[in-house]
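Protein sequences, first through last, are from chains D and V.
If you want the working numbering, it's the 1-based position in the first sequence plus 12.
If you want the working numbering, it's the 1-based position in the second sequence plus 12.
Just so you know, not all the hints are guaranteed correct.
As the list claims (entries may be wrong) - Now the stretches of chain D that chain V is said to cover, found in silico as 3 or more residues with beta-carbon under 8 Å:
(1) 67 to 81
(2) 272 to 283
Unchecked claim - Taking lysine to any residue pairs in the SDA-like style, the calculated list, with each CA pair at most 20 Å apart, reads:
(3) D/K77 with V/T70
(4) V/K77 with D/G279
(5) D/K77 with V/E30
(6) D/K197 with D/R207
(7) V/K77 with D/K197
(8) V/K77 with D/D26
(9) V/K77 with D/S20
(10) D/K77 with V/R21
(11) V/K77 with D/R23
(12) D/K77 with V/Q72
(13) D/K197 with D/E237
(14) V/K77 with D/P258
(15) V/K77 with D/A275
(16) V/K197 with V/E217
(17) D/K77 with V/R23
(18) V/K77 with D/T68
(19) D/K77 with D/V148
(20) D/K77 with V/A275
(21) D/K77 with V/P107
(22) D/K77 with V/K197
(23) D/K77 with V/T68
(24) V/K77 with D/R207
(25) D/K77 with V/P174
(26) V/K197 with V/V208
(27) D/K77 with V/G279
(28) V/K197 with V/Q240
(29) D/K77 with V/Q240
(30) V/K197 with V/A275
(31) V/K77 with D/S54
(32) D/K77 with V/D26
(33) V/K77 with D/T70
Hints were generated in silico from the structure; no laboratory data involved.
Just so you know, even glycine gets a beta-carbon here, dropped at the ideal spot from N, CA and C.
Each chain, letter by letter, is given below.
Number of protein chains: 2
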Amino acid sequence: MTTTSVLSRQRCFDGWQEVREHRSAVLDCTMRFGVYLPPQASERPCPVLYWLSGLTCTEQNFITKAGAQRYAAEHGVILVAPDTSPRGAAVPDDPAYDLGQGAGFYVNATQAPWSSHYCMFDYIVDELPQVVESSVSSSGRRGIFGHSMGGHGALVIALRRPDRYASVSAFSPIVAPSEVPWGQKALTAYLGADRVAWRAWDACEQVRLATARLPLRVDQGDADEFLQTQLQPERLEAACRAAGYPLDLRRHAGYDHSYYFIASFIGEHIAWHAAAMS
Amino acid sequence: MTTTSVLSRQRCFDGWQEVREHRSAVLDCTMRFGVYLPPQASERPCPVLYWLSGLTCTEQNFITKAGAQRYAAEHGVILVAPDTSPRGAAVPDDPAYDLGQGAGFYVNATQAPWSSHYCMFDYIVDELPQVVESSVSSSGRRGIFGHSMGGHGALVIALRRPDRYASVSAFSPIVAPSEVPWGQKALTAYLGADRVAWRAWDACEQVRLATARLPLRVDQGDADEFLQTQLQPERLEAACRAAGYPLDLRRHAGYDHSYYFIASFIGEHIAWHAAAMS
Chain D
13 MTTTSVLSRQ RCFDGWQEVR EHRSAVLDCT MRFGVYLPPQ ASERPCPVLY WLSGLTCTEQ
73 NFITKAGAQR YAAEHGVILV APDTSPRGAA VPDDPAYDLG QGAGFYVNAT QAPWSSHYCM
133 FDYIVDELPQ VVESSVSSSG RRGIFGHSMG GHGALVIALR RPDRYASVSA FSPIVAPSEV
193 PWGQKALTAY LGADRVAWRA WDACEQVRLA TARLPLRVDQ GDADEFLQTQ LQPERLEAAC
253 RAAGYPLDLR RHAGYDHSYY FIASFIGEHI AWHAAAMS
Chain V
13 MTTTSVLSRQ RCFDGWQEVR EHRSAVLDCT MRFGVYLPPQ ASERPCPVLY WLSGLTCTEQ
73 NFITKAGAQR YAAEHGVILV APDTSPRGAA VPDDPAYDLG QGAGFYVNAT QAPWSSHYCM
133 FDYIVDELPQ VVESSVSSSG RRGIFGHSMG GHGALVIALR RPDRYASVSA FSPIVAPSEV
193 PWGQKALTAY LGADRVAWRA WDACEQVRLA TARLPLRVDQ GDADEFLQTQ LQPERLEAAC
253 RAAGYPLDLR RHAGYDHSYY FIASFIGEHI AWHAAAMS
């Protein structure tokens, strides 16, 4: 039996922005997540939309910077924003910003010392929805989206488990971690040097294997400072074209990698997920 | 001749969120401010709406947390968010969060050591508009609003200089600094113990002296943790009633003192100012 405590509960757009904490069995540590309950959630079951954040983020970044609550309240969507890795003094870490705590990459690690705690895929797909959806009025419909490393996470999770989600979208995602520095570093550490093991965690690879088709949308700023080195959305475009997987890829002139970009289009994403989850 | 440098410029809702830095002659230090240029600003003159932040804030809090850009883009309003005090190693400070840097209270200090730099009233009323409005396409119409200490600042500034503003509003403002601990501490330090000198910086006192009438709106959450000790909006209500100054005071059930409250109603405030500034 998991117990969840409410650390904070603040009125926002006539709903409630909460931060909750629970003991995760999967990650073997205490985890926090944000949950926004729109006003409709006190009256009827609502779909639940999961946001996966990028490198260095906690549950706070999205809930304070994205301006998402307004749209969740408009569409009657419950928004859940987990942390980006297991946390705590007992959890392995690395001094770099792109490995260890704050950089879980949403994989199930197989290599020491990471494999003891770093099972973010199982946490996001199974444990967190159990914890959240047993305590809110969920319609049973679910969507997933994220940013950068979290866009990678959302894509891989939805492509591997399309039975669990009605829709998937991403802002500025890492689409081919096997081919870019951030991904290669993380996958080597968490999974080992054998690239065969990386395929399960690479959206471009998973598109080729996908049998189901979910609504899939990606937004990318063309002034993103990581566009050429880490993101390379043209790889996803090519993989989707080759696989016949419909992709709605939208490029936006002048936008960078920041929450100012996310805030500008989060309303469109939430409306789009709300329609798919209805 | 003031030179202003652009520290950052990020696309947001089809406009630009900038942070600029300049040398302030009035404050005798280097100051930063945020300016949001809506898409309309590249085509025609726009009104300029000044936001004054609360204790401990810099120019960052409002531009990252309020979700205001969306509404500024909708209504064609330029948003300016200054810092809350003079800054820098040469500027007097105090270890407390509610005095010195981050806590300028929008007054012109008369007491040592503060009087050398702490002239935030003159900065906000005169120097900052000169700096901003000479570099953007301003319609010449101006509004002012703020939060908590910044709500106090907006009220006092607009009441004392109604010639400069078309409208004034506040979230959770300190309305009677002479009567509450935050205000008494700051006014004693910046102005001395003689309460006569405080009247010029107390919105409830200034309402009694006001000859002009500006559109005036205040929003207050009833779960605000500072409501009874520091804010006491009923004092402003009574002062406005006695003076015949129209006040639109709106109380909101369940809302606290945070940016979640501000975000929930910032759209209404910007639409309201936009109408008054048109």
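Going through the numbered hints above, which ones does this structure break? Give me the numbers in ascending order. Of the numbered hints, 7, 14, 19, 21, 22, 24, 25, 29, 30 and 31 do not hold.
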